[in-house]
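Residue 218 in the working numbering sits at position 218 of the sequence shown, and the numbers go up by one each step.
Calculated directly from the structure, the hints in this document are not laboratory data. Watch out, some of these pointers could steer you wrong.
[As the list claims (entries may be wrong)] Below, in silico cross-link-like pairs of lysine to aspartate or glutamate (EDC-like), each with a Cα-Cα straight-line distance of 20 Å or less:
1) Lys-211 with Asp-199
2) Lys-211 with Glu-119
3) Lys-202 with Glu-238
4) Lys-63 with Glu-49
5) Lys-202 with Glu-192
6) Lys-211 with Glu-127
7) Lys-211 with Asp-93
8) Lys-211 with Glu-183
9) Lys-202 with Glu-182
10) Lys-63 with Glu-8
11) Lys-142 with Asp-126
12) Lys-211 with Glu-182
13) Lys-63 with Glu-16
14) Lys-63 with Asp-37
15) Lys-63 with Glu-44
16) Lys-211 with Glu-192
Source: prediction; values computed, not measured.
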Amino acid sequence: MSFRVNIENLSVILVEPTHPGNIGATARAMANMGVTDLRLVLPEEHLSEVAVKRAAHGLDVLKNASVHDHLTDALHDLHWVGGTTARNRKAQDRTVSLPDIAQAFPDHSCRMGLLFGRESSGLSNDELALCTALIHIPTHGKATSLNLSHAVMVTLYEMSRHYQPASATHGADVGSGIATVEELAGLRQHLESVLTQTDFMKTHQETGIMKRFDDFFARAQPTEHEIRMWRGMLHRVEITIRRSLENVSKQD
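Produce the complete structure using the sequences and hints provided.
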């Protein structure tokens with residue numbers, strides 16, 4: 001595949017990490033692999049003595065980490081997000097085995113993020129719905145769950161095999177018009193609202209149908225313009241629904 005990862009546009013996001021040592025070790029792993037943008041969602045004691053000690057030469061990564069109250073804030077400027085999952089889900093969805101991660105890469109240079117869940121429970125279904133790809137790290141022993149910082153290190157190593165040469169990182173057309181995660185989330189919320197208003201959800205399994213839309217948009221990699229077009233169409237549907245309800249009300 002011709003696409004190469006621009007290391008300057010790669011971020012690591014941890015959701016509600018509870019062990020300061022894991023946060024520090026993650027910063028160290030990032031420093032090992034040349035990644036500097038760490039984003040933390042509701043972390044616990046991320047600058048504690050334990051975290052700082054475990055960070056070692058990754059201390060700058062730890063100290064410069066951004067802290068967010070909501071996951072959507074941490075993802076707002078990213079165009080592609082790979083979320084890790086312990087479950088090897090059905091082949092027809094967005095799941096890709098880590099060694100095959102390049103198959104899930106976008107077609108254009110863009111801001112990319114690797115999303116890791118809680119030590120105890122991973123990522124929720126709603127959080128996975130925000131991801132472009134779901135990354136499964138294959139294991140061969142009875143213990144299938146990896147330590148958080150180990151999962152980060154393994155994933156970054158695999159990503160590093162697809163790094164863009166440093167000489168080619170300058171002047172890259174970042175994003176190339178690809179919609180951000182925030183824009184996709186807005187479309188998803190708008191679409192779900194309209195489908196609910198039209199009673200479409202009553203005749204289809206709500207969770208299943210939205211998951212199919214998630215898979216569809218992940219494959220399509222829509223542009224900002226295409227997102228605006230979808231939102232415009234949905235807005236017209238809402239207007240038509242409102243007018244129909246007003247006419248019914250007048251007849252009554």
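Results of checking the hints against the structure:
1. For the hint pairing Lys-211 with Asp-199, the CA-to-CA distance comes to about 18 Å; that is within 20 Å, so the pair holds.
2. Distance check on the hinted pair: Lys-211 and Glu-119 sit about 24 Å apart at the alpha-carbon level, beyond 20 Å; violated.
3. About 18 Å separates the Cα atoms of Lys-202 and Glu-238, which keeps this hinted pair within 20 Å; it holds.
4. A C-alpha spacing of about 12 Å is found between Lys-63 and Glu-49, which places the hinted pair at or below 20 Å, so the restraint holds.
5. The suggested pairing of Lys-202 with Glu-192 holds, with an alpha-carbon distance near 12 Å, which does not exceed 20 Å.
6. In summary, the hint linking Lys-211 to Glu-127 is supported, as the alpha carbons are separated by about 12 Å, within the 20 Å threshold.
7. Simply put, Lys-211 and Asp-93 have alpha-carbon atoms about 9 Å apart, close enough for the 20 Å limit, and the pair holds.
8. Using a Cα cut-off of 20 Å, the hinted pair Lys-211 and Glu-183 holds, with the two alpha carbons roughly 17 Å apart.
9. With a C-alpha separation of about 27 Å, the suggested pair Lys-202 and Glu-182 falls outside the 20 Å cut-off, and the hint is violated.
10. Proximity of Lys-63 to Glu-8 is assessed by CA-CA distance (about 18 Å); at most 20 Å being required, the pair is judged to hold.
11. Restraint check: the Cα-Cα separation between Lys-142 and Asp-126 comes to about 28 Å, which exceeds 20 Å; the hinted pair is violated.
12. Restraint check for Lys-211 and Glu-182: the C-alpha separation of about 17 Å stays at or below 20 Å, so the hint holds.
13. Under the criterion of a C-alpha separation no larger than 20 Å, the hint pairing Lys-63 with Glu-16 is consistent with the structure, at around 17 Å.
14. The hinted pair formed by Lys-63 and Asp-37 meets the criterion: a straight-line CA distance of about 11 Å does not exceed 20 Å.
15. About 14 Å separates the Cα atoms of Lys-63 and Glu-44, which keeps this hinted pair within 20 Å; it holds.
16. With a CA separation close to 11 Å, the supplied pair Lys-211 and Glu-192 stays within the 20 Å bound.
The structure shown violates the earlier hints numbered 2, 9, 11.
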